[in-house]
Every structure is written in C-alpha cells, then in structure tokens.
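J.: Now for the letters of each chain:
There are 2 protein chains.
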Amino acid sequence: MSAKPHFDRVALIGVGLIGSSMAHAIRRGGLAGHIAGYAHTPEIVERARKAGFADSMHDDLASCVKDVDLVVLAAPVGAFASIAQAIAKDLKPGAIVSDTGSVKAAVFRDVAPHMPRGVHLIPAHPIAGTEQSGPEAGFPELFDGRWCILTPAADADPAAVEKLKTFWEKLGSQVEMMEAKHHDLVLAITSHLPHLIAYNIVGTANHLEQVTKGEVIKYSAGGFRDFTRIAASDPTMWRDVFLNNREAVLEMLGRFSEDLTDLQRAIRYGDGDFLFDLFTRTRAIRRSIVDAGQDSAAPNFGRNKDKP
Amino acid sequence: MSAKPHFDRVALIGVGLIGSSMAHAIRRGGLAGHIAGYAHTPEIVERARKAGFADSMHDDLASCVKDVDLVVLAAPVGAFASIAQAIAKDLKPGAIVSDTGSVKAAVFRDVAPHMPRGVHLIPAHPIAGTEQSGPEAGFPELFDGRWCILTPAADADPAAVEKLKTFWEKLGSQVEMMEAKHHDLVLAITSHLPHLIAYNIVGTANHLEQVTKGEVIKYSAGGFRDFTRIAASDPTMWRDVFLNNREAVLEMLGRFSEDLTDLQRAIRYGDGDFLFDLFTRTRAIRRSIVDAGQDSAAPNFGRNKDKP
Numbered sequence: 001m002s003a004k005p006h007f008d009r010v011a012l013i014g015v016g017l018i019g020s021s022m023a024h025a026i027r028r029g030g031l032a033g034h035i036a037g038y039a040h041t042p043e044i045v046e047r048a049r050k051a052g053f054a055d056s057m058h059d060d061l062a063s064c065v066k067d068v069d070l071v072v073l074a075a076p077v078g079a080f081a082s083i084a085q086a087i088a089k090d091l092k093p094g095a096i097v098s099d100t101g102s103v104k105a106a107v108f109r110d111v112a113p114h115m116p117r118g119v120h121l122i123p124a125h126p127i128a129g130t131e132q133s134g135p136e137a138g139f140p141e142l143f144d145g146r147w148c149i150l151t152p153a154a155d156a157d158p159a160a161v162e163k164l165k166t167f168w169e170k171l172g173s174q175v176e177m178m179e180a181k182h183h184d185l186v187l188a189i190t191s192h193l194p195h196l197i198a199y200n201i202v203g204t205a206n207h208l209e210q211v212t213k214g215e216v217i218k219y220s221a222g223g224f225r226d227f228t229r230i231a232a233s234d235p236t237m238w239r240d241v242f243l244n245n246r247e248a249v250l251e252m253l254g255r256f257s258e259d260l261t262d263l264q265r266a267i268r269y270g271d272g273d274f275l276f277d278l279f280t281r282t283r284a285i286r287r288s289i290v291d292a293g294q295d296s297a298a299p300n301f302g303r304n305k306d307k308p
Numbered sequence: 309m310s311a312k313p314h315f316d317r318v319a320l321i322g323v324g325l326i327g328s329s330m331a332h333a334i335r336r337g338g339l340a341g342h343i344a345g346y347a348h349t350p351e352i353v354e355r356a357r358k359a360g361f362a363d364s365m366h367d368d369l370a371s372c373v374k375d376v377d378l379v380v381l382a383a384p385v386g387a388f389a390s391i392a393q394a395i396a397k398d399l400k401p402g403a404i405v406s407d408t409g410s411v412k413a414a415v416f417r418d419v420a421p422h423m424p425r426g427v428h429l430i431p432a433h434p435i436a437g438t439e440q441s442g443p444e445a446g447f448p449e450l451f452d453g454r455w456c457i458l459t460p461a462a463d464a465d466p467a468a469v470e471k472l473k474t475f476w477e478k479l480g481s482q483v484e485m486m487e488a489k490h491h492d493l494v495l496a497i498t499s500h501l502p503h504l505i506a507y508n509i510v511g512t513a514n515h516l517e518q519v520t521k522g523e524v525i526k527y528s529a530g531g532f533r534d535f536t537r538i539a540a541s542d543p544t545m546w547r548d549v550f551l552n553n554r555e556a557v558l559e560m561l562g563r564f565s566e567d568l569t570d571l572q573r574a575i576r577y578g579d580g581d582f583l584f585d586l587f588t589r590t591r592a593i594r595r596s597i598v599d600a601g602q603d604s605a606a607p608n609f610g611r612n613k614d615k616p
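Protein chains in written order, with the working numbering: chain P, 1 to 308; chain Z, 309 to 616.
Extracted from the complex, chain P is given alone in its bound form (with noise of 0.2 Å):
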C-alpha cells in the first residue's frame, strides 16, 4: 500500500450514520493520510473516538480543519450556514467543501456566501442510508453500489470536481452530475415524499382511537410495519430537509393528494378497473428499480432469511 492517498487530510464535520460510514469507507480505501472527525457535543466524540474510526476526534471546529485537503459538512442541513461560517477563516487555500445533505441549493444559499476565494465548494449527496443514526450505526459497504449526486455549480473548477467524484467513486459509489435545483425536484419525489407519507402514517395509526396501538405493533406485517422503518429515521436531519427544500416537497405532496382523491372516488363508487390498471402499472416499477440493482429481488426484502 504505497500509493499515496486520494487526499492527504479529510475532515469529517458530523459522526452519525454518514460520516463515520464515509470513515470507514475510507479507511478500506487507504483513501486518506488522516481522517479527522468532529461532532458538536463531548459525548459524541466521546463515542466516536470509542467507535475508532478517525484518526483524530474533534470538539473544536477551528482544529479539525486545519490543513486539511477534504472539509466534508456531514451534520443536518440545518446546521450548515453556522458550520460554514465558524470554518471559513480556518480553510486551506486550495481545499474542497463538500457536504453530505438530502438537499442541495440550500448548500448554496448557506454556506457558498461563507467560503474564501480559492476554496472549492462542491455539494453533494450520497443516496443511501439507513433508519439508523449515531457513531455506532456507520458501516463501510453503505456507499457501495449506490448513487452519489454531485451539484457543482456551473463555474466549478474541473480538477476539484474530478477528484471529488473519483473519491465518491472509491468509496464504492456511481456518481452523477446534476443542477442543485433539479436535484432537489428530483429527491422530493424519490426520498422526501416517501419519508413524509411515511411518518404522516405512523403518526396517525399512533393516535386512532377505534384500534389501540397495542393491535398496530401485533398486526403489522401486513403493510404497515415497513413504513415504520423510514418513519424512524433521524428527526433532525429530516425536519432540516423539510423545512430547506419546502417548494418542492409541497408541489410534490400537491401531486400525491391530487392522485389520492381520485384513488379515493374509485373506492368510493367501486371502480375496479381503475384500482386493477393502477395496480399493475406499479408492479411494473418494482421490477425497474430491481433490475436496476437498486433493491434486492428476494421477497420481503430478504428479511425471511431471518427466521428460525
């Protein structure tokens, strides 16, 4: 393993499920001299430097990016404008910003205003994850086979872009290119719609008066249960995305409705033809996203091969 890394230092500003997969990820790759993490509470790095994936563990944001090649913004959405703000005088000339959030002209709105000429802001967003969160929750293979977006804007130095998506790519991802705005559209309808629908239906099994909660928990295998995995994603991180990609997520949500009032009307009045063409259409779209290698083929998700 002589070859020298992908970047010499890369700081990792946020532990949770992201930033210390990106750790680990990394550190398969021998894709950094040095990894330095950060996290905003001395419990945390307390719990990152146990978990052990950073070379050296930060409470101080000033010292975690010292000379460092990589700054990757791996914390809430909403956190960002104040994170760019306390790091921008302490950045290598020469060095890149990227982030890690589910949404993307928000990177811009707050932390482009912050960064220093010669410091490369590049957004971008890995799409994967799982409902779970903290130090602990992070895995090398999350990345693998997964998409990564890349939002630079149009005027973005090419060489900056190139090793950021190379580094994406040596972390196990597919990198597409694609305008922050669009992204945005797009990630309204693929993740934030669904994360949406998701909690709105837990929240309300959660408070019917007519079946207990006790009725929920027993009888959801039947549909229900999968949603609760989405709805028990991080709260933080997802009422920064809602409250950061709003005009999307609403027109999307005004789509939804649209369609569920017709769908609605269908059961109202029996039409079963409208419910059966429905239905078969969508099957069709499980089999795209399978054959895509976007999911696992096995039924249930494969979560069968738990049982005894």
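No lab work stands behind these hints: they were computed from the structure. Treat the hints with caution; some may be incorrect.
To be verified - Calculated pairs, SDA-like style, for lysine to any residue (alpha carbon to alpha carbon, straight line, at most 25 Å):
id, chain 1, residue 1, chain 2, residue 2
1, Z, 521, P, 174
2, P, 213, Z, 591
3, P, 170, Z, 607
4, Z, 312, Z, 449
5, Z, 489, P, 271
6, Z, 521, P, 180
7, Z, 521, P, 175
8, Z, 473, P, 214
9, Z, 521, P, 182
10, Z, 521, P, 130
Let chain P serve as the given structure and place chain Z on it in line with the hints.
T.: Relative to chain P, chain Z alone:
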C-alpha cells in the same frame, strides 16, 4: 411419524402465494393425510403440479372438496361468493370451511348464505405475505411467528374453532380471535391503507413530467424503493380488498388525509417543532414493532447483507 394428522384431507381453493405456502407448511408439519389443490386455469394447475406441494391438483371444485375436512378459500375475496355457491352441495357434513382473505365481514356476507347446515364456517386471516404471487412463490416458513386472526361468529362451534386454531398454531402462527368488523378496521390501518398509500405514491412518481422515470428508479434508494415492494403486490387481490372493505378504508384514509394537511401546513409555515415532535414519536413505534418480533432489527431490513 405415526401420529394421526390434524386433518385427514385438506382442500386449498387457490394455490398462489398463500395457498402454496400453506401446503408447504402442512407438509412440513405432517398436518394432513392428503392435500388437494384447486386452480381456476389449466396453466396454474400445471404449474402447481410441477411445484409439487399438493397430493392432488384439480381443475374442478367438486372433486377438490369431496370428502374434505378443511376447505380453505385462498383466492381473491371477490371470487368467494361464486366459489361458495359452487362447492356448497359437495361439502362433507361436519367439514370446516375457512379462508385466508384480508377482509372478514365480506366472508360472512358472501360465503355464509351458501353454507349447508352442519358445515362450520370459520373465517381466518394470516397476517403474512410477500410481494410475490403464484404457485412458485410459496415457502413453508411464511407463517412462522406471524399472527393469524380467526373471526368466528358468536354462535360458532367451539370444537371446530379450537381445531382450526391449533391447526394454524402448527403452521407456525400465533392465533388471535376477533370480531369480523373489528378485524376489518384494524387491518384497514395496519395493511390496507399502507398498500393504498404505496400504490398511490408509486403511481404519482410514474407520471411526473419534471422528473423522469429513469431518475425515479435510479435514485429510489432514498426511500421510494421501500414503497415499491408493497406496490408490487398482487393487483387482483388488492382490488378486491379495497372493494370489500370500503368503509373502513375510507375512514382511515380520511384520518390520514387530515393529518397530512396538518403536516403540509407545518412545512409551509416552517414549524420545525411540529415536525421534530412527530418524527420523534414515530421512531418509538418502530422500536415497539421490532421488540414485538414483528420486524427485523437489522438496518434496512437486513438487505445490506446482500451487498458484495
């Protein structure tokens, strides 16, 4: 294995995912002296013969239910009335007639009127399944650790109910008794509404003009893919569920839509506390479901284990 089987002869009217899984589990447990299967097309009779889980496959109902102690309707609920009418005259006196339908009040409406005196109608609903269908989809472990709900009428024969209850326990399930109408309400929230929502969002994603179908598939790992599994469930079965549990589904859908409007307003006006509170409460439900043994504790339902 000299023990007497639980039933001498069992007939499975329908040999899709549920019927074929029952056959496999009956074989595993040695629960029947003979398993007779019926399918309504020669093609499915042939595929079931090839799969080999039944002792005899029939393309006519009369020969299938002849001398049978337990007849199980494992077909879409919309076919129950005509099946019941067709088998009525050939049922053995004292036989138990049951089913596996996802709605239960409709069974009393559609099947009970055709049952001869001395035949015991005891509706049942195993809360288990996958997104796959057809005679090749079944496997013996499908019911292990899952709940099966029986909804006998108030005046049902206690011995027949007990016999069916222990049968389902030997198939691997835990058994609960419930009034049919309450069952339909409970399942409306734990199963029917989740399917409706999943079908709807997949349908919405399918006809957007701002985001291509290719993008939806490619970036589905952000949450959307979870919904496509449920939305790949059998179209005929689900059409019949919605047509036959209309009132309970519309009631739950009304609650869902009310809550969604609240959530929409919170996003529009930037009410972060509302979002954070909801997202925290929903997380707790996930934990309860995992603790109750009704889902895998592994992140992403354990599907990351499939990764290279």
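J.: Indicate, hint by hint, whether the structure satisfies it.
T.: Okay, the hints, checked on the actual structure:
no.: 1; hint: Z:521 <-> P:174; verdict: holds (18 Å)
no.: 2; hint: P:213 <-> Z:591; verdict: holds (14 Å)
no.: 3; hint: P:170 <-> Z:607; verdict: holds (23 Å)
no.: 4; hint: Z:312 <-> Z:449; verdict: holds (22 Å)
no.: 5; hint: Z:489 <-> P:271; verdict: holds (23 Å)
no.: 6; hint: Z:521 <-> P:180; verdict: holds (19 Å)
no.: 7; hint: Z:521 <-> P:175; verdict: holds (18 Å)
no.: 8; hint: Z:473 <-> P:214; verdict: holds (21 Å)
no.: 9; hint: Z:521 <-> P:182; verdict: holds (14 Å)
no.: 10; hint: Z:521 <-> P:130; verdict: holds (24 Å)
Checked against the numbered hints given earlier, the structure satisfies every one of them.
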